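**Q** Guided by the hints, dock chains V, X and E onto chain U, whose structure is given.
Residue numbers (my numbering), protein chains in the order written: chain U, 1 to 612; chain V, 613 to 919; chain X, 920 to 1201; chain E, 1202 to 1713.
Please note: incorrect hints may appear among the correct ones.
[What the hints assert, rightly or not] Calculated cross-link-like contacts (lysine-lysine; reagent style BS3-like; alpha-carbon spacing at most 30 Å):
(1) E:Lys1692 to V:Lys773
(2) V:Lys773 to E:Lys1409
(3) U:Lys388 to U:Lys322
(4) U:Lys129 to U:Lys85
(5) X:Lys1002 to E:Lys1606
(6) E:Lys1695 to V:Lys706
(7) E:Lys1407 to V:Lys773
(8) V:Lys834 to U:Lys85
(9) E:Lys1644 to E:Lys1354
(10) E:Lys1296 to E:Lys1315
(11) U:Lys129 to U:Lys97
(12) E:Lys1695 to V:Lys773
(13) U:Lys388 to X:Lys1101
(14) U:Lys544 to U:Lys267
(15) U:Lys129 to V:Lys830
(16) V:Lys706 to E:Lys1692
(17) V:Lys830 to U:Lys97
(18) E:Lys1407 to V:Lys706
(19) U:Lys85 to V:Lys830
(20) V:Lys706 to U:Lys322
(21) U:Lys97 to V:Lys834
(22) X:Lys1101 to U:Lys386
Just so you know, these hints were derived from the structure itself, not from any lab. As the structure is a prediction and not an experimental result, all values here were calculated from the model.
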Amino acid sequence: MNKQELLPILRIDELSVSFGTASVVKGLSFDVFPGRTTAVVGESGSGKSVMSMSIMRLADMTGASFPSGRILFSSGAGEGIDLLKCDQEAMRRIRGKEIAMIFQEPMTSLNPVFTIGDQLCEVLILHEKRSRADAMVEAERLLALVRLPDARALLARYPHQLSGGMRQRVMIAMALACRPKLLIADEPTTALDVTVQAEILNIMKDLQAELGMAMIFITHDMGVVAEMADDVVVMWQGEKVEAGPVEEIFTCPKHPYTRMLLSAVPKLGAMQGFTHPRRTPLTVLRNGELVQEGDDRQQDTADYTVPPLLRVEDLSIQFDVKKSFWGRTTHRNFAVSQVGFEIYPGETLALVGESGSGKSTIGRTIQQLQESANGEVWFDGKPMSKMKLAERQRLRREVQYIFQDPFASLDPRRTVGDSIAEPILTHGLLDRGTPTRRRVGELLERVGLSADMASRYPHEFSGGQRQRVCIARALASRPRLIIADEALSALDVSVQAQVINLFMDLQREEGLAYLFISHDMAVVEKMSHRVAVLYLGQIMEIGKRADVFERTAHPYTQRLLSAVPLADPSARRQRVALTGEIPSSIHPVGAPPALNPLREIASGHFIAQERV
Amino acid sequence: MTGFIVKRFAQAIFVVIAVSLIVAVAIRMTGDPALMIAQGATNITQADLDRIREGLGLNQPFLVQYLDSLRGLVTWDLGNSFVGGTPVNLLVDKALPATLSLAFASMFVSIAVSIPLGIRAAVARGRGSDQLIRIFSLLGLSFPNFWLATMLVLLFSITLKWLPPSGMSGFASFIMPAVTMGVILTATNVRLVRTTMLDTLNSQYIMVARAKGLSERKVLYKHALRNCAIPLITYFGLQFGGLLGGIVVIERVFNWPGMGTLAFDAVAARDYPVLQSVIMILALLIVGINLLVDIAYGIVDPRIRTK
Amino acid sequence: MAFAAPPRLHRFASLEFVLGFLLLGGVVFCVVFSAWLFAPPGQISLSSRLVMPFQDAAHLFGTDALGRDVLARVAVGGWVSLKVGFFSVIGSVVFGVVMGLVSGYYRGIWDVIVMRCADIQLALPFILLAITFVAILGGSLTNTIILLIVSQWVQYARLVRGSVLTLREREFILSARAIGVKNGAIILRHILPNLMGPVVVLMTLNVANNILLESSLTFLGLGVDPTIPSWGGMLAEGRTYLQTAWWISVFPGLAILCTVLGLNLLGDWLRDLLDPTGRTNR
Amino acid sequence: MSSTMSFKTVTVSALGLLLVSGALASPVFADGTLTVSSPQDPGSWDPVDTFLVNWASVGTNLFDGLTYRGPDMKLVPALATSWNVLDDGMRIRFKLREGVTFHDGEPFNAEAVKFTFDRLLGEEGAKGPQQSNYTAIENVEIIDDNTVDFHLKAPDPVLLTKLAGYGAMIVPPQYIKEHGETYFNTHPVGTGPFQFVSYEPKVDIKLKAYDGFWGDGPKLSELDYRFISEPSTAVAELQSGGVDIVIPPTIPIAMIPTIEDDDNLDLITTSGPTVYALRFNTADGITADERVRKALIMAVDRKSIVDGILGGQAQVIASFQGERSFGFDPEMQPLPYDPDKAKQLLEEAGVKPGAQVQIDIRGNDATFAEVTQAVAAYLSMVGITASIHPVETNTLLNDIIPQGKTGAMFQQSWGGWTFDFDNTAYAMYHSGQKWNPYDSDPKMDELLESQRSLTDPKERERILQQIAHYAADRALELPLYSLNAIYGVNKRVKHFVPAPDNRMRLNDVEVE
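In isolation and in its complexed conformation, chain U is listed as follows (with noise of 0.2 Å):
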C-alpha cells in the first residue's frame, strides 16, 4: 500500500491548543491515512493526549482553546470537514460514529452501573438507531468480534466483574460499534499485563485490517510503538520534532530527541553475552545536543562468599476473601506459596511476574507491612519471628522500601525535607536541626537534585524527581537492603533510564542489595543479578539473570518473554499464542492450589514442575 496514492482522512494543519495562558500544543500538522496507524509518540506532558482530545473536541470541556489551526476530517471524497469549527452538536454526531477513542484505563473507562449490553447498545442505539432488541444482537457480535467467549453473558454482566483485559476489549468493541472511519487509541495498553497487551494489540491489529479503518495510536512505549505503528509522529513538549514511516524512524532517528529516547529504552536481549548487570551512559539532550553521560560498567558488586544477606524460606501468604453467613472463610487468596530465595550483599535479585502473582506481597511482608505469614524471613542470620520489638525496629531502618507512585507515597501536605528527615528522626540517628538538616541537603544531592528543594512540596515536582526523592528518604536511614517495589514502572522511558542509573550507582557506592520487583522484563535483564519468576504465588523459574533470560527452561518464562514487544519494527513476530485470562489465585478454602517443587537444572537454576 502506498499511501501516496490515498487522500489522508484527517489532516492536522499547524493545531495549537491551549489552556488559559499556557500553550500546550504548538503548530503540530501530520496526516492520517485510511487503513493505517499512525503512532504518537511522547513522554508525559508532549501534549500528545491533549492532541487527541482535541481531534475529538473533548478537550473543550477541560477548557481548551483553539488560537490557531485546522483539524479536517473527510469521510469520503474531498477536503473534508474542519472539526474545530464544528459546535459540539455537530461533533457528538460524529463522536463514536465517524470518530472513536479508546482510553488508557480499562479499569476506570467503563461506566460502574450500567451493564456490558446497556453501555454498548447506548451507542448502536444512539448512532445507528436501531431498537434495542436489535442493538443486544449486535452488541453480542461485537463482543464475539473482540474474542471475548461467552458473549450473550456477558452483556448482562458489570463491568467490575471483569479483568482489565476483558474491559479493554468491551472497549474496543464499544469503539468499532459503528464502524468508525478512525479510531484514537490513547495508550490502550499501558495498564494492562505484558502477555493481555500482546492480545489486545493483535485484536486491534487484526480488526484494522477488517475493518480498513485508520489509526491513530498514542504510546509512550516505542516497543509497542515497533509493533503496531505505520507511520510515526514524535511529539516533545507540545510539538512535533519528527515525523515519518515507522522503519525510518527507528533505522535513522533525526532529531537527537528522537535518538535519546530511542537510546533510553530498555531493550530485551541486549544484555545478551553479559554475566552482570550493566551501567550503560545515558544519553541526554543537552541545549539541543545529544551528550553520553557516566561510565559504561559491569555491576560486579553482589558479594556471594558471605552468608546472604535476607533468606525467604518457605513464605506463604494468605487473605480471607470470602466468608459464609456464619462468618467461616469459605475463599482464601492463595497470594504466595512456599516461595524461598536469598539476596545478598550488593547483590539485586529481582522478582517478576504479572499483576496477581504476589510479588508484591513479598515484599511487604519482608517490610512488615504485612502479617499473617507462614514461613520464617531471616534477616542477617537471624529469624524475624524470634526478634524483639527493638530488633524489628532496627530492621525497618536497614530495610528500605521504594513505592511504584512516588507522588502517592509522599504525604502532599508535608515538604520532601520533613519526609526525608523522617527516617533519621524516626531512627534518632541525627539531631534534630542543621545536623538532620544539612544531611537532607546531602541526601537530596546524592539523588541528582539540588539541596535548596527541601522546603517544597512534593506536587511541585515532576515524576522523576518525587521518585528521587523517596529514593532519598530511602537512604537516609543508610539501609542495607532496598525493596523498589515497581519503583521505575511509573516513569518516562528517559526518567527510568537516569533512575536505573541511580540505582545502580547506589548499589556500587554503598553495596547496597535491591529486591528488585518488576513486570519489566527489559529493564529486569538489565539491572539484575538473579532474577525470579512468579506465577499465582509461586516460583516457576529461578536463577542467574543469564540462565533465565538466555536459558530459558520454564515455558511460563518463555511465554512472559516473547509477550514483550520489541522496540524494532523489523524484528517483528508471530507470537506464542495466548488465550485467556491469568487465573486466579483465590480457591476454596478445602482445595488449595498444587504446589510446584523446584527442581534444579543447573547450578543455582531452579524451575518449578510443569503445571502452566
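**A** Chains V, X and E only, in chain U's frame:
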C-alpha cells in the same frame, strides 16, 4: 449481599433496643407526671398523687413498665396518653403521616433544587455561575428557620393572602413549611452534589460517554448522576433522619399536627407514653431509613449487589 | 521540622478571603470590643421604647420594647452566639476526631463500640433530645454547648473514620510505617493533617449551624437567661414585634447572616490554604 | 343578688323563666361558622379529666352545670332552676330544669345529676384531678325526678360557683354506660347550646348548633376550635382570616399594636383573673428580712411597667388578687415607688450594694420575661444585681417551687376561675401548702382557716381583706399587676362579649 443485610439488621435491632432503654430512662428523669396532672388542684394530698400514679401505671417497677412499652411498640398498642387518656395510637396515626409527608415534601423541594444547581455549579466550576450558586446556597444556611418561616407567612399569608399561614389542609398548606425546610437543606445539598459531581466528572467513563457522542444532558443526568447516587443517597438518608428530629420548630411555627408538636407538648406535660412512642417511632424510622440506604446501595451500585 | 514552605501570600488575595474576612472580622470586632464601642446594653429606658432605627444618633439601630439600644445588644449578643458556636464545635471536633481516629485506625472492637454509639446517637432525633435534656437539666449556656457536642461528635467521627480508612491504605502511610514511624506519630503527623480539610469545612458549616440551632432552642423556650442578650434570643423575642418593630429581629438576623456567611467563605478558603497542592479547589 | 355570691335561700326562677321565654320569643337563626383559635388541646373532653382553661372555653358550649356564671360574673340558674341552702350550709336542694335533653336525645333528670357526681367523686373521678375540688360533697340524693339534695361534709362557700364549671358539668349517664369512658373522652355529649361534630387531636374540634337547647339557641350554625399554640401563628391566622377569634392567654402584649393596626380586627379586653407577682424566699438569704422585701418592692416602678411594657392592659395590684376577686379591697394601696426609701431600708438591713438575687421565671412566658428584665433594671438602681433564671414551666411549678429550690424571688402567676381570694390566699400563705414552701405563720394560718367555714359572705370578705393586708404588711410577695384577658376578634364577629375567665358561651355571637 444477604449476609450483609442480615448483619445490618442485627445492628439495627441492637440500636433500637439501646435507644429505647435510653429514652425510657431519660423520660423518667423529666419529672413526675402526677404532679403535672394535679397542677391546678387546690388541695392535693400524697394519697391523691399516689392514686393518680396508680391510674397511670407508674406504681409498677421500671422493668415492667419498660417491657410493657416495648411490647406496646411491637404490637402497635401504644397505651394511653397521660393527658386526657387519649390512645396514643390515635395521636400517632394522625401525626406520623403529617410529619412524614412534610419531611418528604421538604426533601423533594431540596433535591429538586439542589441537583440541577449542584450539577450546574460543578460544570461551571470556578466560573461566575458557580460562585453565584455557592453564595446563594450559603444564604439559605444563614437564617434561623423560624425567622424565615415568619417572613414567608408575613409575605404570603398576611400581605398577599395566597397561602394559609398554618395547619395542614391540602397542597397549599405544604408549600411554605416545605420550602422553609427545603431552603436550609438545599444549602448543604448543593455543595454536596457539586463535590460528588466534580469527582465523577473527572472519571474516565464520563469522557468515554462523551466520546460516544452522547448529549451533555445524557452524560450528566444519566452517566454522572447515577454514579453520584451512592454518596448522595447516604447523605440524603442521614439528612432525612436529621429532618425528622429537627422538624419540631417548623411544625410549631406552622402549627403542623405532626410528631414534633406531639413530642413538644408531651415533654411539657410529662406525657411518658406519647413522648416515648414518638421518640421510639422516629428512632425506628431513622434506623429503618439507614437500613434502606444500605439496601439502596445495592440497587444503585452493582458492585455491591453482585457480591 | 524546619522545612517550612514560604508563606503563600497570594492566597490572601482571593475573593473568598476578603469577603469572609470583612464579614466575620467586622462582626467579631464589634462583639469583642462592644464594651468600648457601645453603651451598656442592659440600660432599660421605658421612656424611649421602640425607637425607629436611624432616627436617633444614640440609637442607630433603634431600641427594643424595653428601650434598650438594639445596636449595643446585637454587639454584646454576639458573645453568646459565638461562644455556643465555637465551643460546641471545638468540643465535638476534639471528641469526634479522636473517636474517628481510634475507630478507623485501630478498627476491631473500638470500631464496633464507636460506630454503634454513633448509630444510637444518630437514631435519637436532635430537637426532641434537646427538649428532654433541657427538661431534665434546665437551660444554660453550658448545657446548650454540651447538648450540641453530644449530638454532633458523630458527624466528625464518621467523617474522620471514613477518611482514615482510605488514608491508612495510602502509600505514604505505608511508607511511614515502612520507615518504622510509630502509630501515634503516623496519626498525628500524617493522617490528621490530611483529613483536616473536610473537617475544617464541616466545622465552619457547624459553627454557623450551631449559632442557628441556639436560636431555635431559644425560640422553643429552651434558651438561657434573657438578660444576657443573644442573637437567637433577640430573634425569638423580636418575632412578635415583626409587624410593628421589624428592627428588633432584623438586625440580629443580619448579624447572624454576616457571621455565617463569613465563616463559610473563610472555611472554604482555609480548606484550600491547608492543602499545599492547591488542587482540590472545590 | 349582689355582686358577690349569695348563700341565702335564693329563688331565681324569674330569671330562669326570662331566659326560657327569650328562647321562645326569638326564633333561632343558626347561620355561619365561627372559628376560634385556642392555644391548647386538653386531649380529653371529659369534664373530670382536666384543669385546663382551654377545656373550659370549649366545654362551656358543650355542657351545662347546675348553675351558670356568664361574662358579667353573676351566678344564675342553669340546669337547676333554683336552689336552697339548708342545714347551716350542710345541704343544698336543687330544683332541676324540666324538658332538657342531652345531645344524644336522652333526658336530663335527677338521675343524670346523681350519676355525674357519683362519677366525679368515685373511681372515674379519682383518675383525674377535678375530684379534689368537690370533696366537700358527701353525696347526692335523689328526692324526685326533678329534685336533688347535695349533702356536704362541711360548708363550702364557693361550691355554688364551682358547680358552674369544670368537673361539675352534667354528663349523660346512658351514653357513657353505652359507649364507655374512653369513647366519651373524644366524643363528648352534654346539654349545652352546641353539640359535638368531630375532634382531631392537636388539630381542631368542631361543634354545631344544638337545636334542642333549652335556652336561647345559638345564632351560629357551626363552631370550630383550632388549636394553635404559637402566638404569632395564631395572630397570623387572625390577620389572614383563618380564625375569627383568638382567645387568651395567647396574644402577647407585643402583638397588640399589630392587631390594633389591622383594619379588619378588634382588640377586646376585660380584666381577667390572672395576677402576677414575684414572690420571695422568706426563709433564707437577704429576702428573709422583711425590710429587704419591702425595699425590693419599693424599688420597682410598677406603674411604669404596666404603662410601658404592658400597654396599659393591666392594673397595678396591692395584694395578690384582681378587682373582680371576692376579697378585693378597693381602698388598699400598694407600697409606693420610692427608690430612696428602698436604698435606706437596704442599708438598715445591712445589704451591701451589688448583692445578688436570682429571679426564677417560667421559660415560656415572653411578656413576663420582659417585665422581669425591667424589674431587674429597677433593682440595679438600688444596688441589687438580679439574674433571671428561666425554668421550664412545669419544672418550676411542680418541682422547684414546691420543693423550695427557687432563687430569692420567683414568678407566681395565678388565676382561679372562681374569683375567690380564698382559692389564692390559702394556697399561697397557709403553712405546708404546695405553693408556700418558705413561710409558716400561725397567725396567717388561723386567719385562713377561720374564713373557710363562714357562711356569712360579709364577714368572710372582711377576713379575706384582712389576710390581704396582713400579707402585704409582711411583704410576702412583690405584687405586680392583674392582667387583662385579651381577645383578638375579626370585625365580622358581632355581639362578642369577652369572658374574664375564658369560659365563653357563644350563643349570642353572629358572623357576617
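**Q** Hint by hint, note whether the structure agrees.
**A** Hints, one by one, checked against the model:
Simply put, lysine 1692 of chain E and lysine 773 of chain V have alpha-carbon atoms about 17 Å apart, close enough for the 30 Å limit, and the pair holds. Pair hint lysine 773 of chain V plus lysine 1409 of chain E holds up; C-alpha atoms about 28 Å apart against a cutoff of 30 Å. In summary, the hint linking lysine 388 of chain U to lysine 322 of chain U is not supported, as the alpha carbons are separated by about 34 Å, beyond the 30 Å threshold. Our distance criterion of 30 Å between C-alpha atoms is met by lysine 129 of chain U and lysine 85 of chain U, whose separation comes to about 26 Å.
With a CA separation close to 29 Å, the supplied pair lysine 1002 of chain X and lysine 1606 of chain E stays within the 30 Å bound. Between lysine 1695 of chain E and lysine 706 of chain V, the direct Cα distance comes to roughly 35 Å. Violation of the 30 Å bound is thereby established for this hinted pair. For the hint linking lysine 1407 of chain E to lysine 773 of chain V, the alpha-carbon distance of about 24 Å falls within 30 Å, and the restraint holds. At roughly 28 Å between alpha-carbon atoms, lysine 834 of chain V and lysine 85 of chain U fall within 30 Å of each other, so this suggested pair holds.
Restraint check for lysine 1644 of chain E and lysine 1354 of chain E: the C-alpha separation of about 26 Å stays at or below 30 Å, so the hint holds. For the hint linking lysine 1296 of chain E to lysine 1315 of chain E, the alpha-carbon distance of about 13 Å falls within 30 Å, and the restraint holds. As the CA atoms of lysine 129 of chain U and lysine 97 of chain U are separated by approximately 12 Å, the hinted pair is consistent with the 30 Å bound. At roughly 23 Å between alpha-carbon atoms, lysine 1695 of chain E and lysine 773 of chain V fall within 30 Å of each other, so this suggested pair holds.
This hinted pair checks out: lysine 388 of chain U and lysine 1101 of chain X have alpha carbons roughly 16 Å apart, not beyond 30 Å. For the suggested pair lysine 544 of chain U and lysine 267 of chain U, the alpha carbons sit about 19 Å apart, so the restraint of at most 30 Å is met. Restraint check: the Cα-Cα separation between lysine 129 of chain U and lysine 830 of chain V comes to about 16 Å, which is no more than 30 Å; the hinted pair holds. With a CA separation close to 34 Å, the supplied pair lysine 706 of chain V and lysine 1692 of chain E exceeds the 30 Å bound.
The straight-line distance between the Cα atoms of lysine 830 of chain V and lysine 97 of chain U is roughly 17 Å, inside the 30 Å bound, and the hint therefore holds. Taken as a hint, the lysine 1407 of chain E and lysine 706 of chain V pair is honoured in the structure, with Cα atoms around 17 Å apart against an allowance of 30 Å. A distance of roughly 23 Å separates the Cα atoms of lysine 85 of chain U and lysine 830 of chain V; the hinted pair therefore holds under the 30 Å criterion. Straight-line distance between C-alpha atoms of lysine 706 of chain V and lysine 322 of chain U comes to about 47 Å, which puts the hinted pair past the 30 Å bound.
Taken as a hint, the lysine 97 of chain U and lysine 834 of chain V pair is honoured in the structure, with Cα atoms around 20 Å apart against an allowance of 30 Å. Of the pairs offered as hints, the one joining lysine 1101 of chain X and lysine 386 of chain U holds, with about 21 Å between alpha carbons and a cut-off of 30 Å not exceeded.
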